[in-house]
Amino acid sequence: GQNIDQPTEMTATEGAIVQINCTYQTSGFNGLFWYQQHAGEAPTFLSYNVLDGLEEKGRFSSFLSRSKGYSYLLLKELQMKDSASYLCAVRHTGNQFYFGTGTSLTVIP
Amino acid sequence: DSGVTQTPKHLITATGQRVTLRCSPRSGDLSVYWYQQSLDQGLQFLIQYYNGEERAKGNILERFSAQQFPDLHSELNLSSLELGDSALYFCASGGGNTEAFFGQGTRLTVV
Numbered sequence: 007g008q009n010i011d012q013p014t015e016m017t018a019t020e021g022a023i024v025q026i027n028c029t030y031q032t033s034g035f036n037g038l039f040w041y042q043q044h045a046g047e048a049p050t051f052l053s054y055n056v057l058d059g060l061e062e063k064g065r066f067s068s069f070l071s072r073s074k075g076y077s078y079l080l081l082k083e084l085q086m087k088d089s090a091s092y093l094c095a096v097r098h099t100g101n102q103f104y105f106g107t108g109t110s111l112t113v114i115p
Numbered sequence: 053d054s055g056v057t058q059t060p061k062h063l064i065t066a067t068g069q070r071v072t073l074r075c076s077p078r079s080g081d082l083s084v085y086w087y088q089q090s091l092d093q094g095l096q097f098l099i100q101y102y103n104g105e106e107r108a109k110g111n112i113l114e115r116f117s118a119q120q121f122p123d124l125h126s127e128l129n130l131s132s133l134e135l136g137d138s139a140l141y142f143c144a145s146g147g148g149n150t151e152a153f154f155g156q157g158t159r160l161t162v163v
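First to last, the protein sequences are chains A and B. Residue 7 is where the first sequence starts when you use the numbering used here, and the numbers rise one by one after that. Residue 53 is where the second sequence starts when you use the numbering used here, and the numbers rise one by one after that.
If we strip away everything but chain B, and leave its shape as in the complex, we get (with noise of 0.2 Å):
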């Protein structure tokens, strides 16, 4: 267990709505990484959080956007899904001087 807790695991949705994603980190962890996986694809990095404040963006499209709160969890939102979308999205925590701590991830499906 890397401690860093996600929900939901699974997703399931249609084109053209909106989901929240949420994650919480590892206990004390000030740092939070989003990453999108497609089918047969790399991680890619969407957005870092660092105590509330985005401090980097990766490949994160318009349609997405996430935030830090004061207790230190995230939430990703996805809006105007499209079926590309679907895929695993990935949580981690940690990165100081520390690996990165991925949670379970939570496994999206637009039909």
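So that you can see chain A by itself, here it is in the shape it has in the complex (with noise of 0.2 Å):
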């Protein structure tokens, strides 16, 4: 099975920094993936790692320790079009992609 847990919300101020935790258990890792989701909208792709280590792309970046079931995102000089949900999803080895509930970022002045 999988588990996948992610804070429900997290609050931060335009032009900080904010991180976003989640941790994962499942039983065929092939991959933590990181979706923005707009209300109502599709997911989009913001990120991926397969291997530990911090993958940067622009003011996204993307953690991963799979020893410790752990990823987290980082969102550097915030916007307000930032305000969105953030999923976490594990590819399993299968290919099928297992999501969190997601974290919801209100960014406020």
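Since the hints were made in silico from the structure, they are not lab data. The structure presented is a predicted model; accordingly, all values stated were derived computationally and were not measured. There may be inaccurate statements among the hints.
What the hints assert, rightly or not - What follows is a set of in silico ranges between Cβ atoms, one per label pair, in the way DEER data are often shown:
no., chain 1, residue 1, chain 2, residue 2, range
1, A, R72, B, F121, 22 to 28 Å
2, B, T72, A, K63, 25 to 31 Å
3, A, M16, B, R74, 35 to 41 Å
4, A, P115, B, R70, 45 to 51 Å
5, B, N129, A, Y76, 27 to 33 Å
6, A, A22, B, Q69, 26 to 32 Å
7, A, G59, B, R74, 39 to 45 Å
8, A, T19, B, V163, 29 to 35 Å
9, A, M16, B, T72, 21 to 27 Å
Said to hold, decoys possible - Calculated from the model, a selection of chain B residues having no Cβ within reach of chain A, i.e. all distances over 10 Å:
no., residue
10, L95
11, F121
12, L140
13, E151
14, G155
15, R159
16, V163
Here a beta-carbon is modelled for each residue, glycine too, at the ideal position from N, C-alpha and C.
Given two chains presented individually in distinct reference frames, assemble the corresponding complex, making use of the accompanying hints.
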């Protein structure tokens, strides 16, 4: 089975840095993915890790520790448009994607 | 534009009815995934097809079924609908060596 945990809600200030954590347990690991989802819209891909370490993509970075079953998404220089839900997903060895319940991020001025 | 097309965008139907949701994957993608997202809930994995064959099942109810056709488009059939089936239904494709690409979803309202 799969178990993926993320905080339900977070609030951060415009221009600041926020870290969204994700812990997981899975029967077969083949990558950790982060998606952004605005209300009522499709999830869009942000970042992905299959090996331990940090992956950086502009204002977004993601970190993975497979031994600890832990990942985080780091968002820098927060903008108001970053207010959204952030979904952590584990890709199983069978290539299915299992999602956490998402972290709703509110960016305040 | 993800390249994944879902129709219809919106669907309103009565309890007890049956509906069919349609998905066309990105060109070249063999895998199709179906997800359900209820209000304030995460994405619940329903089922995966790969090149016409069922590959994995998640939390899919017996009242729901899916298939993938030779042209790789997929349909999700929902029957004996209940109020609690009201949700956003997403289709995604990709996943082999890539991320999953999501369609815009079908918003189903059961009244």
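Do the hints match the structure? See the list:
1. A/R72 <-> B/F121: 22 to 28 Å: violated (37 Å)
2. B/T72 <-> A/K63: 25 to 31 Å: At roughly 38 Å between Cβ atoms, A/K63 and B/T72 fall outside 25 to 31 Å, so the hint is violated.
3. A/M16 <-> B/R74: 35 to 41 Å: Between A/M16 and B/R74, where Cβ atoms are some 36 Å apart, the hint holds.
4. A/P115 <-> B/R70: 45 to 51 Å: Between A/P115 and B/R70, where Cβ atoms are some 48 Å apart, the hint holds.
5. B/N129 <-> A/Y76: 27 to 33 Å: violated (39 Å)
6. A/A22 <-> B/Q69: 26 to 32 Å: 48 Å Cβ-Cβ, so the 26 to 32 Å window is violated.
7. A/G59 <-> B/R74: 39 to 45 Å: holds (40 Å)
8. A/T19 <-> B/V163: 29 to 35 Å: At roughly 42 Å between Cβ atoms, B/V163 and A/T19 fall outside 29 to 35 Å, so the hint is violated.
9. A/M16 <-> B/T72: 21 to 27 Å: violated (38 Å)
10. L95: Non-interface label on B/L95 violated, nearest chain A Cβ at 4 Å vs cutoff 10 Å.
11. F121: The claim stands: B/F121 keeps its Cβ more than 10 Å from every Cβ of chain A (closest is about 20 Å).
12. L140: B/L140 not clear of chain A: closest Cβ-Cβ about 7 Å, inside 10 Å.
13. E151: violated (4 Å)
14. G155: violated (6 Å)
15. R159: violated (8 Å)
16. V163: Its Cβ never comes within 10 Å of chain A, the nearest being 19 Å, so this holds.
The structure fails hints 1, 2, 5, 6, 8, 9, 10, 12, 13, 14, 15 (numbered hints given earlier, in ascending order).
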